[in-house]
Amino acid sequence: MSEMRAFVGETVERILRDAVDERLLADAERGEWPEALWRTVVASGLAGVLSAESASLGAGWPEAFDIVAAAGRHCAPLPLPEAIGAVWLLSLAGIESPVGPITLAAAGGDEDLRLARQGHGWRLAGTAARVPWGGRATHVVLTADVGAEPHVACAPTSGCRITPGENLAGEPRDTLEFSGEGVIAAPVPAPHGRVDAGALGALLRSAQIAGAAQAVLDLSLSYANTRRQFDRPIGRFQAVQQSLAVLAAEAVAARMAAEHAFFLAGSGGRMEDAAAIAKIRAGEAAGRAAAIGHQVHGAIGFAREHRLNLLTRRLWSWRAEFGAETVWADRLGRDAVARGADGLWPWITGELSGARGEEVKT
Amino acid sequence: MSFLGLAHRTLPPQTEGLRREVREFLSEALAGRSAASRAQSWDGFDPEFSRSIGARGWIGMTWPKQYGGAERSALERYVVIEEMLAAGAPVSAHWFGDRQTGPLLLRYGTEAQRRSILPSIARGELCVCIGMSEPDAGSDVAAIRSRARKVPGGWEITGAKVWTTNAHRAHYMLGLFRTVPEPSERHAGLSQFLVDMRSPGISVRPIPDIAAREHFNEVRFDQALVPESALVGKEGDGWTQAMAELAYERSGPERYLSSVQLLLELVRAVGAAPGERVRVAVGKAVASMATLRQMSLAIAGMLDSGANPALEAAIVKDLGTAFEQSLPEIVHDLLGTEPDRAAVADLGRVHALLLELAPCFSLRGGTREVLRGIVARGLGLR
Chain A
5 MSEMRAFVGE TVERILRDAV DERLLADAER GEWPEALWRT VVASGLAGVL
55 SAESASLGAG WPEAFDIVAA AGRHCAPLPL PEAIGAVWLL SLAGIESPVG
105 PITLAAAGGD EDLRLARQGH GWRLAGTAAR VPWGGRATHV VLTADVGAEP
155 HVACAPTSGC RITPGENLAG EPRDTLEFSG EGVIAAPVPA PHGRVDAGAL
205 GALLRSAQIA GAAQAVLDLS LSYANTRRQF DRPIGRFQAV QQSLAVLAAE
255 AVAARMAAEH AFFLAGSGGR MEDAAAIAKI RAGEAAGRAA AIGHQVHGAI
305 GFAREHRLNL LTRRLWSWRA EFGAETVWAD RLGRDAVARG ADGLWPWITG
355 ELSGARGEEV KT
Chain B
-12 MSFLGLAHRT LPPQTEGLRR EVREFLSEAL AGRSAASRAQ SWDGFDPEFS
38 RSIGARGWIG MTWPKQYGGA ERSALERYVV IEEMLAAGAP VSAHWFGDRQ
88 TGPLLLRYGT EAQRRSILPS IARGELCVCI GMSEPDAGSD VAAIRSRARK
138 VPGGWEITGA KVWTTNAHRA HYMLGLFRTV PEPSERHAGL SQFLVDMRSP
188 GISVRPIPDI AAREHFNEVR FDQALVPESA LVGKEGDGWT QAMAELAYER
238 SGPERYLSSV QLLLELVRAV GAAPGERVRV AVGKAVASMA TLRQMSLAIA
288 GMLDSGANPA LEAAIVKDLG TAFEQSLPEI VHDLLGTEPD RAAVADLGRV
338 HALLLELAPC FSLRGGTREV LRGIVARGLG LR
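Just so you know, the protein sequences line up as chains A and B, in that order.
Using the working numbering, read the first sequence as starting at 5 and increasing by one per residue.
Using the working numbering, read the second sequence as starting at -12 and increasing by one per residue.
What the hints contain is simulated information worked out from the structure, not anything from laboratory work.
Computed from a predicted structure; not experimentally measured.
Treat the hints with care, since some could be wrong.
[Claimed, not checked] Label pairs and their in silico Cβ distance ranges: (1) B:E356 <-> A:A307: 29 to 39 Å; (2) A:L61 <-> B:H319: 46 to 56 Å; (3) B:K221 <-> A:F234: 37 to 47 Å; (4) A:S48 <-> B:G293: 35 to 45 Å; (5) B:R200 <-> A:L61: 57 to 67 Å; (6) B:H319 <-> A:G291: 15 to 25 Å; (7) A:R236 <-> B:E356: 18 to 28 Å; (8) A:S48 <-> B:A294: 27 to 37 Å; (9) A:A307 <-> B:P193: 58 to 68 Å; (10) B:Q53 <-> A:D235: 54 to 64 Å; (11) A:D235 <-> B:E356: 22 to 32 Å; (12) A:L172 <-> B:G262: 26 to 36 Å.
All C-beta atoms, glycine included, are put in the ideal place defined by N, C-alpha and C.
From just these sequences and the hints, can you work out the full model?
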């Protein structure tokens, strides 16, 4: 691991471990915005890890993965993953990042959200549904095609009509109706032409899932080692051990899938493929990890005040946000059958592995 | 608990040339082989094929040149074996020697053993079988009873090994035997031997498998005499050595690719525009496969840097075999056709075969339950 990666990892861990406690989480779930934590996160450069300045310092996608996974592990009640993705999109398009907070929205299809030139500027009209912290953010970053050309747009929320909503874990998921003014947009230059905010969102959620699954594993292990029934820690029972081994394997798989996808994204691979692999595998792991975590914890994990359900409620929401497994599997499956039986393995060992070598015909 | 050992990694770009070379060779060498024959995966036995890849330096690739190796990296070997497995190459004749006996002898063997055995394995000429399981010792390897007794001039072996793949055609067995009949501790008093299968007193009886294939056997030792030089490593260290050997056995891509031909035949059969159910199933399988491959690569990376991936390999094998076993289930779910070994379509034949073979994926090389026990211990439980 590089020195930079270790440094960034320690920084995010320290900040979130100290700040995100039960009280902050309870307050956030009641709708309170953790302003102090957000300021710390921005001041420390975590939200800008994928900016051009950060790249010049040697930080990039591996560090971004660690930050987003840590946000998931600590249930950080902030649009930190979204901001990281938004900053990256803006820097790709050469648009300066607003002071923020900023978030990311998946376009709900061309008919919902239209980006068009208007005079010397831009106009964004339509609805973006369930935007993470949409009501709190000053700006929303999204991608849209103008003609056939992919663009990144940064739209202020000030003129929006906002319908508040939330996910299972009480994280804001607000619906925004854009009416147009003050939008900045720019085309995405090759080779990133096909970048899509929805795929980016899926990528980010997969890393959060990996972090939260790891936290479910850690909680479950410590509970199994301390909770005594039948005169011994329940972790002594083989049935419980076997379940925890499965949970560990799922946490490892989610992490590998997500980390690999960040690597692919960073190496200029097709983001849709990277996002699909990660969101499918991490999404599957999310369901399994939540189920085993609750089974091991018994009744206590079912109590609202227990930390376990802060994690599991997020896992259940995150696996569906920015496209559930089925949505991504349909797309990835479409690409797979298009390659055909003889193209499948070269695809997996080539583009899907990030190999730069030329394609080889079997 | 963190799995820092399992770090994401990629193959060095210079391995791509090797991959291309292997792919080109295989497309010629395997041309005309049926899908069902490819689906035998690493059970496919073809000494001529093994010799042909030995001649290309693709067996014992990481071994020192003085023992017939090519001194290439563990990652280069990884590329070669994953290409072999994905293509359904018949690798069984050299597989066990390349994967575990060679590395074991390099680590624990005598100079004479290395010189006499390794170059022939690397040429693809010498087949080794592994003698661990016994009628009363399956998952509980330490329960073995086959005895090696010190006699003038060597060791006298009596007992039986079972489920021994290729015993009827192997030149040697690398076997684990009890050298102390009633040790104070059950893992003690075990030793490994390199047994010439032509030794008098050895008899081999085939045990046809569920699909009526003849690859594994029962091997009986009736006062079979082997020379002193057959002892591998230290007398009494057999348990430690065998566990190191099992780590090699569990660490490779063969633990998630056993039914890859079924996925390929499914994709071939459904064509370029299948319905949503097929697309979703294929997409999920590809996501699992791409993830498992990265996990498997991470283990190859650990081996390459000299780390011991025993715990990580247990995790990856558990997930990998679950994936292998899911594929026949998925195909059944999608097609719902009767399994038919004589089916006209390749997909039907491969499906029928893999339905029958799949149960062993989570048995061979350590059962799912044993692996999860290893993981639980690694997690600090027990």
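Right, here's what the structure says about each hint:
| no. | hint | in the structure |
| --- | --- | --- |
| 1 | B:E356 <-> A:A307: 29 to 39 Å | holds, 32 Å |
| 2 | A:L61 <-> B:H319: 46 to 56 Å | holds, 53 Å |
| 3 | B:K221 <-> A:F234: 37 to 47 Å | holds, 42 Å |
| 4 | A:S48 <-> B:G293: 35 to 45 Å | holds, 36 Å |
| 5 | B:R200 <-> A:L61: 57 to 67 Å | holds, 59 Å |
| 6 | B:H319 <-> A:G291: 15 to 25 Å | holds, 22 Å |
| 7 | A:R236 <-> B:E356: 18 to 28 Å | holds, 20 Å |
| 8 | A:S48 <-> B:A294: 27 to 37 Å | holds, 33 Å |
| 9 | A:A307 <-> B:P193: 58 to 68 Å | holds, 59 Å |
| 10 | B:Q53 <-> A:D235: 54 to 64 Å | holds, 59 Å |
| 11 | A:D235 <-> B:E356: 22 to 32 Å | holds, 24 Å |
| 12 | A:L172 <-> B:G262: 26 to 36 Å | holds, 32 Å |
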